[in-house]
Amino acid sequence: MQEKRNVKKLVAVGTFSAIAYLLMMLNFPLPMLPTFLLIDFSEIPALLAAIMFSPIAGVAVEAIKNLLHYFIQGSGTGIPIGQLANFLAGVSFILPAAYLFQKFRNSKGLTYGLALGTVIMTLMMSILNYYVILPAYTFFLNAPALSSQQARELIVTGILPFNMIKGITITIIFMMLFAKMKPWIQRQMAV
Amino acid sequence: MINSMIIGKYVPSDSIIHRMDPRAKLLLVFIYVFIVFLANNSVTYIVLTMFTLVLLFLSRIPIAFILRGLKPILWIVLVTFLLHMFMTKEGDLLYQWGRLAIYEGGIKQGIFISLRFLLFIMITTLLTLTTTPIEVTDGVESLLAPLKKLHVPVHELALMMSISLRFIPTLLEETEKIMKAQAARGVDFSGGSFSERVKAIVSLLVPLFINSFKRAEELATAMEARGYRGGEGRTKFRQLTWKPLDTFCLIAVFVLAMILFVLRS
Numbered sequence: 011m012q013e014k015r016n017v018k019k020l021v022a023v024g025t026f027s028a029i030a031y032l033l034m035m036l037n038f039p040l041p042m043l044p045t046f047l048l049i050d051f052s053e054i055p056a057l058l059a060a061i062m063f064s065p066i067a068g069v070a071v072e073a074i075k076n077l078l079h080y081f082i083q084g085s086g087t088g089i090p091i092g093q094l095a096n097f098l099a100g101v102s103f104i105l106p107a108a109y110l111f112q113k114f115r116n117s118k119g120l121t122y123g124l125a126l127g128t129v130i131m132t133l134m135m136s137i138l139n140y141y142v143i144l145p146a147y148t149f150f151l152n153a154p155a156l157s158s159q160q161a162r163e164l165i166v167t168g169i170l171p172f173n174m175i176k177g178i179t180i181t182i183i184f185m186m187l188f189a190k191m192k193p194w195i196q197r198q199m200a201v
Numbered sequence: 024m025i026n027s028m029i030i031g032k033y034v035p036s037d038s039i040i041h042r043m044d045p046r047a048k049l050l051l052v053f054i055y056v057f058i059v060f061l062a063n064n065s066v067t068y069i070v071l072t073m074f075t076l077v078l079l080f081l082s083r084i085p086i087a088f089i090l091r092g093l094k095p096i097l098w099i100v101l102v103t104f105l106l107h108m109f110m111t112k113e114g115d116l117l118y119q120w121g122r123l124a125i126y127e128g129g130i131k132q133g134i135f136i137s138l139r140f141l142l143f144i145m146i147t148t149l150l151t152l153t154t155t156p157i158e159v160t161d162g163v164e165s166l167l168a169p170l171k172k173l174h175v176p177v178h179e180l181a182l183m184m185s186i187s188l189r190f191i192p193t194l195l196e197e198t199e200k201i202m203k204a205q206a207a208r209g210v211d212f213s214g215g216s217f218s219e220r221v222k223a224i225v226s227l228l229v230p231l232f233i234n235s236f237k238r239a240e241e242l243a244t245a246m247e248a249r250g251y252r253g254g255e256g257r258t259k260f261r262q263l264t265w266k267p268l269d270t271f272c273l274i275a276v277f278v279l280a281m282i283l284f285v286l287r288s
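Taken in order, these protein sequences are the chains called Z and Y. Under the numbering used here, read the first sequence as residues 11 to 201, first letter to last. Under the numbering used here, read the second sequence as residues 24 to 288, first letter to last.
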């Protein structure tokens, strides 16, 4: 029986990753923000996998989604910086949510988890962009390096609000989705 | 938009590139990504472009397929080109119009960086056009096999990846079907207020998740019935065979790297 659950989990993570990849392709920029920041809903399948199976399953969905994106779409800079940034953002968003949900096992825990995830993702991405991601981009695109003042400005006016809006949007969609799918999710988890 | 993207669109043929071992092709692309950065003057870029064009020619893929793969990134290339053209202030001044000045170095830099983009996208497109996603996954699994010693679940990851590759077209079709079904019930996917949009997305996602989970259950049962028991001791239906051609191609890439290294300024 244990074996059976594992194979099912394995296959389900595969299909959820396929959905995540498709949702990732349906991305769009937000008004008023830089166009390289694209919002998509591919964190939703990862979140679902994280709360239905285990946090590791959610991380696997994030990883496979970005690997597929890199294999199929490639990366303009040659090295998958965008995919890596997306992976780190996704993981820092879903892990707190999954952790709090597993602790309380109700919608309230999930709401707090998603709110915490939004905060952690926003902080993580602001710090990582300042020290790692933005410098890496300017290096590989051979663009003039941003001064720390410029980088700070870009983070405060672009990356910070972007991740917050992304987190809040996904939280709203996921809460509505969870409300609809709650009986089904509980039934699947009980098996 | 979706149809213009090449989603694992393998073009069957019997060219040299098609017959190469996927591991050799993956290594080739991997090394190529680093080699691209070696090119920094006209000669090296010409050598690199020639090498890439020869590979494209050998693959016998109709040029239209390659161009279709390049289409989605064309505007990025254009923006990069313009950015470098106007931002680089080196060499002779060629043209001045108010505050916009174009220098010789700017045009050169613009062409180089855009070319780097195009070459890289071409080589990855070539990989996906001549290699089935299954072959790519088998290749990755085989190349990463040493990591099993560090308890990295390489087999499981490769299996999950091949499953999701297999399901991307199926789920895409299903998404379109669900969208039509929901549109017939009055859901508007193209506009509306924020809350209407969210509701529309939820009405699409719920059936999509439940259907894909059902498919996963069926597939898991089918795998169990056929005796799937993890990667340990599993024999393969598709065997990868390393041929002299593969060794030759890898040597060619190393030679290319050395040529670029000598010719770069």
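If you are wondering where the hints come from, they were derived from the structure by calculation, not from laboratory data. Heads up, some of the hints might be wrong.
[Stated by the list, open to error] A few chain Y residues facing chain Z, derived, Cβ under 7 Å:
| # | residue |
| --- | --- |
| 1 | Trp120 |
| 2 | Met184 |
| 3 | Arg220 |
| 4 | Ile224 |
From the three backbone atoms N, C-alpha and C, an ideal C-beta is built for every residue, glycine too.
We went through each hint and held it up to the structure:
1. Trp120: It is violated, given that the least Cβ distance between Y/Trp120 and chain Z is near 22 Å, above 7 Å.
2. Met184: Interface hint status for Y/Met184: holds (6 Å vs cutoff 7 Å).
3. Arg220: Constraint on Y/Arg220 not satisfied, violated at 9 Å.
4. Ile224: Y/Ile224 check passes; min Cβ-Cβ to chain Z is 6 Å, inside 7 Å.
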